[in-house]
Amino acid sequence: MQEIRQVRLCGYGGQGVVLAGTILGYAAIKDGKWVAGSSSYGAQARGGYARADVIISDRTIVFPHVIEADILISMSQPAYDAYSGEVSPKGIIFYDSGMISPKKLECVEQVGVAATSYAVKEILQKQSANMIILGACLRVAEVVTKSSFAASIHENVPERFREANLKAFELGWSLGEHLKGVQEV
Amino acid sequence: MARDLEKYLRPEIKSTPFCPGCGHGILMNLILRAIDELGESMDKMLFVSGIGCAGWIPSPHFNADTLHTLHGRAIAFATGAKMFNPALNVMVISGDGDLASIGGNHLIHAARRDTDLTVICANNMIYGMTGGQTASTTPLGSLSATSPGGNIYRPFDLCQLVLGAGGSYVARYSVTQPLSLVEAIKKALKLNGFSFIEVLSPCPTQFGRRNQYDSPTEMIALLLERCISKEEAEHLSEEDLRGKIITGEFTGARD
Amino acid sequence: MSFQEIKGTLPAGSYYFSGNEAVAEGAIAAGCRYYAGYPITPSSEIMERIAVRFKEVGGVFMQMEDELASICSVIGAVWAGAKAMTATSGPGFSLMQEAIGYAAITETPLVVVDIQRAGPGTGQATRVGSGDYMQAKWGSHGDYQVIALSPWSVQEMYEHSIEAFNLAEQYRVPVFVMGEEAVAHLRERLEVQATVRVFNRVKKHGTPPFGTDSMDGVPPMPAFGEGERLLVTGSTHDEFGIRKTDDPRAHARLVERINNKILANRGKIANTESWYLDGAEVVVVAYGFTARSALFAVELLRKTGKRAGLLRLKTIWPFPEEAIRDVGRSARKVLVPEMNRGQILGEVMKYARCEVSGLNQTNGEIIHPQRIVREVEAVL
Ligand SMILES: Cc1ncc(C[n+]2csc(CCOP(=O)(O)OP(=O)(O)O)c2C)c(N)n1
Ligand code: SF4
Chain R
1 MQEIRQVRLC
11 GYGGQGVVLA
21 GTILGYAAIK
31 DGKWVAGSSS
41 YGAQARGGYA
51 RADVIISDRT
61 IVFPHVIEAD
71 ILISMSQPAY
81 DAYSGEVSPK
91 GIIFYDSGMI
101 SPKKLECVEQ
111 VGVAATSYAV
121 KEILQKQSAN
131 MIILGACLRV
141 AEVVTKSSFA
151 ASIHENVPER
161 FREANLKAFE
171 LGWSLGEHLK
181 GVQEV
Chain G
1 MARDLEKYLR
11 PEIKSTPFCP
21 GCGHGILMNL
31 ILRAIDELGE
41 SMDKMLFVSG
51 IGCAGWIPSP
61 HFNADTLHTL
71 HGRAIAFATG
81 AKMFNPALNV
91 MVISGDGDLA
101 SIGGNHLIHA
111 ARRDTDLTVI
121 CANNMIYGMT
131 GGQTASTTPL
141 GSLSATSPGG
151 NIYRPFDLCQ
161 LVLGAGGSYV
171 ARYSVTQPLS
181 LVEAIKKALK
191 LNGFSFIEVL
201 SPCPTQFGRR
211 NQYDSPTEMI
221 ALLLERCISK
231 EEAEHLSEED
241 LRGKIITGEF
251 TGARD
Chain C
1 MSFQEIKGTL
11 PAGSYYFSGN
21 EAVAEGAIAA
31 GCRYYAGYPI
41 TPSSEIMERI
51 AVRFKEVGGV
61 FMQMEDELAS
71 ICSVIGAVWA
81 GAKAMTATSG
91 PGFSLMQEAI
101 GYAAITETPL
111 VVVDIQRAGP
121 GTGQATRVGS
131 GDYMQAKWGS
141 HGDYQVIALS
151 PWSVQEMYEH
161 SIEAFNLAEQ
171 YRVPVFVMGE
181 EAVAHLRERL
191 EVQATVRVFN
201 RVKKHGTPPF
211 GTDSMDGVPP
221 MPAFGEGERL
231 LVTGSTHDEF
241 GIRKTDDPRA
251 HARLVERINN
261 KILANRGKIA
271 NTESWYLDGA
281 EVVVVAYGFT
291 ARSALFAVEL
301 LRKTGKRAGL
311 LRLKTIWPFP
321 EEAIRDVGRS
331 ARKVLVPEMN
341 RGQILGEVMK
351 YARCEVSGLN
361 QTNGEIIHPQ
371 RIVREVEAVL
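Line order of the protein sequences matches chains R, G and C. One point on numbering: in the working numbering, the residue at position 140 of the first sequence is 140, and numbering is uninterrupted. One point on numbering: in the working numbering, the residue at position 48 of the second sequence is 48, and numbering is uninterrupted. One point on numbering: in the working numbering, the residue at position 259 of the third sequence is 259, and numbering is uninterrupted.
It is worth saying that the hints were derived from the structure and are not from the lab. Worth double-checking, as some hints may not be accurate.
Which residues of chain C face chain R? A few of them, derived with a C-beta cut under 7 Å, are [stated by the list, open to error]:
1. 16
2. 186
3. 295
Mimicking DSSO-like on lysine-lysine, the simulated pairs with C-alpha atoms at most 30 Å apart in a straight line are [as the list claims (entries may be wrong)]:
4. 7/G / 244/C
5. 126/R / 146/R
6. 44/G / 244/C
7. 203/C / 14/G
8. 55/C / 203/C
9. 137/C / 55/C
Since the structure is predicted, the reported quantities are computational estimates derived from the model, not experimental observations. Ideal Cβ positions, reconstructed from N, Cα and C, are used throughout, including at glycine.
Please take these sequences and the hints and turn them into a complete structure.
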């Protein structure tokens with residue numbers, strides 16, 4: 001694993017982007033990493049798109065904001081359009097392929113995951129798309145361990161949504177397995 | 001000060017700062033009388049006051065814990081002390097300007113919360129300490145340093161204000177009604193909840209002088225004439241009620 | 001000394017907290033059991049967390065009708081024996097200033113967390129600024145001292161919160177944790193220890209609560225209800241609290257002591273942190289979130305062989321004059337980046353005998369490290 005990873009999650013408000021960032025950050029702490037997270041707030045968040053940045057490092061983090069994302073997870077077209085240009089060379093983008101038509105980008109790998117339609121069909125809950133796309137991402141990009149992420153879901157998600165989130169994460173994780181080397185599921 | 005009440009005063013404080021004939025001195029006596037009759041221990045009493053002549057009633061005279069605060073904020077300070085240490089018996093004593101103008105927001109909110117405080121508002125219908133400017137209790141037409149043509153705004157009815165905000169015990173008396181007033185203070189002290197007593201207290205220096213009441217006795221006489229009981233008021237016509245001040249309890253003690 | 005090692009109020013371990021959550025937890029760990037406040041962005045998460053946590057640890061939480069009532073009720077609670085605090089942001093901090101002067105003259109220990117946002121006025125409520133430092137110092141009328149801390153991380157929001165209570169109790173003075181929106185809403189790993197070192201209020205039955213023999217002493221502080229028959233007043237008073245509103249000597253004595261008790265201990269109170277100062281030609285002096293941009297910039301510069309260093313101010317008031325004098329002697333140039341129009345720049349200029357310039361930004365955003373890199377490169 002690299003010593004510092006800059007992860008950015010983005011989408012519409014209501015897609016659970018900020019919570020997903022918190023779950024990811026806390027999972028990394030469980031792995032013994034240093035973490036800094038920030039998310040869109042106030043008027044920004046009301047403006048229809050949400051963003052959560054998580055920096056994960058083996059050492060203490062000096063500057064806690066994302067300068068260039070190594071991993072971008074995008075769940076809406078406007079958020080994709082806003083942030084896909086700020087991904088580092090050799091970075092990777094995970095996008096919800098049912099929601100976004102990707103652009104051609106040099107030096108950046110792009111992986112489509114039909115997270116929202118899987119959420120609707122398999123989990124019967126649209127809101128769990130965040131855990132599906134994140135599950136797939138974590139399987140491919142190896143940001144945090146699977147067990148820490150599951151434990152973090154347990155501690156951060158209210159009980160009545162917990163099962164659905166865990167299920168969605170598992171689904172995403174297994175989708176991610178097939179994704180290694182493939183472009184879209 | 002009656003001899004038997006001197007034990008409630010700090011021995012090192014020799015005199016009060018009030019003008020001759022000021023009602024605040026009488027009120028000071030009556031508050032101590034109520035405490036004495038209740039047998040309340042000064043060890044658990046906390047007196048909180050704001051800024052103004054009335055704020056000097058307890059501080060530094062009363063030989064108990066006293067907290068002399070900022071102008072308008074006495075009730076807020078008192079709320080903190082009472083909420084943190086409910087064993088303290090907290091009495092707020094301050095002026096009408098302090099409690100009802102600059103501090104009006106704290107007054108209504110403490111009443112709304114029904115915080116267990118006894119609030120005594122010495123109402124002299126004017127800002128005494130700063131030299132006789134108009135207060136939110138100055139009667140229509142009265143002269144003041146800032147209403148040279150007579151006050152053009154209606155005054156607050158403080159008791160109705162506190163009642164409306166939710167106070168548990170509300171009463172109004174004048175320093176010319178010592179027996180009723182002492183009873184009211186005793187009730188308020190015993191009550192578990194927000195109690196408010198408006199006490200009409202003459203200010204001969206700033207109010208009297210400007211409004212042609214040439215001596216303190218004249219002001220006392222005027223209060224004696226104007227203050228009538230709730231019961232008396234029931235039998236009077238609107239015409240006869242003009243200029244009268246209705247006194248009494250405006251809610252029974254809640255418990 | 002009344003320092004004591006007590007059991008923490010959170011299990012030891014790693015947490016993923018926001019700065020606002022951390023500052024609330026620090027206060028609880030330090031023994032704060034009275035909180036009064038009024039909602040305001042970007043500080044409200046502090047009162048929300050306290051409201052929940054006081055139910056668990058047994059504290060008194062009051063949502064008051066405004067910030068005037070909030071801080072005044074805090075003062076009342078402190079005299080009733082509490083360790084107490086409030087938290088707010090610019091507009092609320094402005095409203096609190098009269099009571100802060102009252103706390104200073106009555107020597108009431110209390111903590112105010114000010115989460116700075118972009119002012120003046122309502123400004124940009126959700127955006128960051130550091131424009132309240134001069135208000136923290138001079139906001140109330142008259143001559144008095146306060147202590148103001150400037151945390152740069154979630155860890156320090158927690159630690160400074162504890163430190164603030166300890167300093168308040170040690171010196172009987174209002175202490176401010178000058179947070180910034182960028183740290184308040186940042187989430188980071190927070191390490192919590194099993195025990196906390198706290199300073200407990202010094203009490204001495206029968207001694208004067210408002211005076212000491214020395215001109216820079218801190219008197220013991222009793223509470224209401226202990227039978228001391230306390231006289232607390234915001235008017236000038238003697239050592240027993242008796243009003244002295246016309247005595248010039250009593251006034252000078254009181255004013256000088258409440259100032260001297262802080263200034264004479266400046267060396268103990270004022271804290272700084274040095275990074276890469278060895279041989280540094282350009283020293284960046286920074287505080288709060290901006291110090292993180294500055295450290296990132298300095299590390300980038302050092303990687304390319306540029307001789308830059310950072311002096312970080314952890315305490316702003318009392319001002320760490322000595323540390324500034326030192327960098328003024330060793331460096332060729334000092335750069336002060338700030339999210340305001342140069343509030344601390346002026347202070348640095350007073351003590352650094354070298355070229356000093358500011359890098360000021362008032363757009364409601366943090367200062368990016370690259371801006372600092374460019375500015376330093378221009379002179380190296
Ligand atoms: C913030 C503030 N504004 C104004 C004053 C000046 N001031 C002192 S006492 C007072 C009026 C007091 O009137 P009241 O409460 O009715 O008491 P009285 O003197 O009439 O007994 C004023 C305006 C002050 N001390 N603080
Ligand atoms: S100015 Fe009025 S209220 Fe003040 S002491 Fe004199 S008479 Fe009393």
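Need the list of violated hint numbers for this structure, in ascending order.
Of the numbered hints, just 9 does not hold.
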